[in-house]
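As given, the protein sequences belong to chains H and G, one line each in that order.
Be aware that the first sequence starts at 1, since it is given in the working numbering, and climbs by one per residue.
Be aware that the second sequence starts at 177, since it is given in the working numbering, and climbs by one per residue.
Hints listed in this document are in silico derivations from the structure and should not be mistaken for laboratory results.
Predicted model, so just to flag it, every value in this text is computed and none were measured.
Cβ atoms here follow ideal geometry from the backbone N, Cα and C, with glycine treated the same way.
Do not rely on the hints blindly, as some may be mistaken.
With beta-carbon atoms standing in for the labels, derived distance ranges [to be verified]:
#: 1; chain 1: H; residue 1: 163; chain 2: G; residue 2: 279; range: 43 to 51 Å
#: 2; chain 1: G; residue 1: 210; chain 2: H; residue 2: 36; range: 23 to 31 Å
#: 3; chain 1: H; residue 1: 36; chain 2: G; residue 2: 332; range: 26 to 34 Å
Derived DMTMM-like pairs (lysine to aspartate or glutamate); straight-line CA-CA distance at most 25 Å [said to hold, decoys possible]:
#: 4; chain 1: H; residue 1: 144; chain 2: H; residue 2: 40
#: 5; chain 1: H; residue 1: 144; chain 2: G; residue 2: 355
#: 6; chain 1: H; residue 1: 144; chain 2: G; residue 2: 300
#: 7; chain 1: G; residue 1: 297; chain 2: G; residue 2: 387
#: 8; chain 1: G; residue 1: 297; chain 2: G; residue 2: 370
#: 9; chain 1: G; residue 1: 374; chain 2: H; residue 2: 157
#: 10; chain 1: H; residue 1: 144; chain 2: H; residue 2: 157
#: 11; chain 1: G; residue 1: 236; chain 2: H; residue 2: 105
#: 12; chain 1: H; residue 1: 144; chain 2: H; residue 2: 105
#: 13; chain 1: H; residue 1: 144; chain 2: G; residue 2: 360
#: 14; chain 1: G; residue 1: 295; chain 2: H; residue 2: 40
Listed below are the residues making up each chain.
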Amino acid sequence: MTPPPVWAVLGFDGPVYLRKLPRKNVLGDPTTPLDPRAAEVAAAVFLYDPGPFSLFLVASDDDLGRVAVGYNGGRASLTADLDWLPIRPAELVAAGGTVRQTVGDTRCHYTNARHYDLTAGSFELERLCRHLLEANRAVLSMRKNQFRPWVERATADGCRVVPASAGCRAAGCDPV
Amino acid sequence: MTKTCPDTRTAYRDARPSRPARRASTTGGRGGAVELALFRRLVRDLILAPHGGREAARAKVVGYLTAARDPDPAFGELLFECADRGGPDGLDLATDVVARVGPAAARYARRLLTTDGPKWKPADRRRRVTDNVWYALLRGMGQSAAEPVDQLVPLLSAAFGGTVGIREAAAHALGDFADRGRTDFRLAARSVLEQMAKTDAAATVRESAAEVLHGLEG
Numbered sequence: 001m002t003p004p005p006v007w008a009v010l011g012f013d014g015p016v017y018l019r020k021l022p023r024k025n026v027l028g029d030p031t032t033p034l035d036p037r038a039a040e041v042a043a044a045v046f047l048y049d050p051g052p053f054s055l056f057l058v059a060s061d062d063d064l065g066r067v068a069v070g071y072n073g074g075r076a077s078l079t080a081d082l083d084w085l086p087i088r089p090a091e092l093v094a095a096g097g098t099v100r101q102t103v104g105d106t107r108c109h110y111t112n113a114r115h116y117d118l119t120a121g122s123f124e125l126e127r128l129c130r131h132l133l134e135a136n137r138a139v140l141s142m143r144k145n146q147f148r149p150w151v152e153r154a155t156a157d158g159c160r161v162v163p164a165s166a167g168c169r170a171a172g173c174d175p176v
Numbered sequence: 177m178t179k180t181c182p183d184t185r186t187a188y189r190d191a192r193p194s195r196p197a198r199r200a201s202t203t204g205g206r207g208g209a210v211e212l213a214l215f216r217r218l219v220r221d222l223i224l225a226p227h228g229g230r231e232a233a234r235a236k237v238v239g240y241l242t243a244a245r246d247p248d249p250a251f252g253e254l255l256f257e258c259a260d261r262g263g264p265d266g267l268d269l270a271t272d273v274v275a276r277v278g279p280a281a282a283r284y285a286r287r288l289l290t291t292d293g294p295k296w297k298p299a300d301r302r303r304r305v306t307d308n309v310w311y312a313l314l315r316g317m318g319q320s321a322a323e324p325v326d327q328l329v330p331l332l333s334a335a336f337g338g339t340v341g342i343r344e345a346a347a348h349a350l351g352d353f354a355d356r357g358r359t360d361f362r363l364a365a366r367s368v369l370e371q372m373a374k375t376d377a378a379a380t381v382r383e384s385a386a387e388v389l390h391g392l393e394g
């Protein structure tokens, strides 16, 4: 089964950072004025943590599927719902955030190799969230049905998130 | 080397505002408080565990909840800790635990409903910590082996009487419930979701219900 195309549908033409969201609807109430809403979103997406803030850099459906399954390796089910906030690299720079590649801690080396730490203060994060709200950035939601082909592929590759994996044979999945 | 971890690895931080009051331990006095403090430690270990260590940490939390004579205070601890200090994965962590201890979680949900339910204001769009508590509780319950009939009161109360954030959570939980339940309960869940998708006053709730229905058909 071929994984569904996601990237082209989203309209991204280059690499995008994904910030994992605690739940889908964290982008605030559209009827709230922009500035307080941006502050609310920054708090819900980033500022409940001391930082740095974890991001994953993905550039294709292949990346997206592998990173999502790799991330779900920490869940009770590999097909658990996932919600991400996509952020273009230029948007992070414009907001004043700095990004540094670090190794993730999932079981999947491919996913870990795409992990980044974002360092930014509340002012920069609110500026970033304000921009994302102005750009009507949508949450990227991944649901159980979408995961099945990606999990099948991970199983066929022997991805380390799959129970009883004897080692991953996927290209680009090397220990970091 | 000092361990400094980004937030998917180390989501917990100590210096946070106080949380809504939780029910005091009913296991009695100092012993109950000590027991709860030990359980809190297990929850923090789960939150701090790397992805690869979460299954073992989750098993300890589940083991405690399964063995506890009165698990309600521990449920409160788990849910508020994960909702308030759990980082981007906090709700997922709590959901996965609740899913493994379904019947006890359903009992806790019914009790929490009696204290928190009267505070719900359906038009309230502000996000509260308790919205996230209900999110993890309802979703975990919907994915659990708890008796469907025991889940329905909290699920339906949340679907029709919760705040906006709780109604959104109920929509997703009804999807989980419909995915697992008996045919008659599945049909009931779909019917509630259809009603939410058509008539809920909040656009985000209608969208959530429609999205869940779409997923069930896919």
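Cross-check of the supplied hints:
no., hint, in the structure
1, 163/H - 279/G: 43 to 51 Å, "26 Å, violated"
2, 210/G - 36/H: 23 to 31 Å, "42 Å, violated"
3, 36/H - 332/G: 26 to 34 Å, "33 Å, holds"
4, 144/H - 40/H, "29 Å, violated"
5, 144/H - 355/G, "10 Å, holds"
6, 144/H - 300/G, "30 Å, violated"
7, 297/G - 387/G, "24 Å, holds"
8, 297/G - 370/G, "22 Å, holds"
9, 374/G - 157/H, "43 Å, violated"
10, 144/H - 157/H, "20 Å, holds"
11, 236/G - 105/H, "21 Å, holds"
12, 144/H - 105/H, "23 Å, holds"
13, 144/H - 360/G, "22 Å, holds"
14, 295/G - 40/H, "22 Å, holds"
Hints 1, 2, 4, 6, 9 from the list above are not met by this structure, while the remaining hints are.
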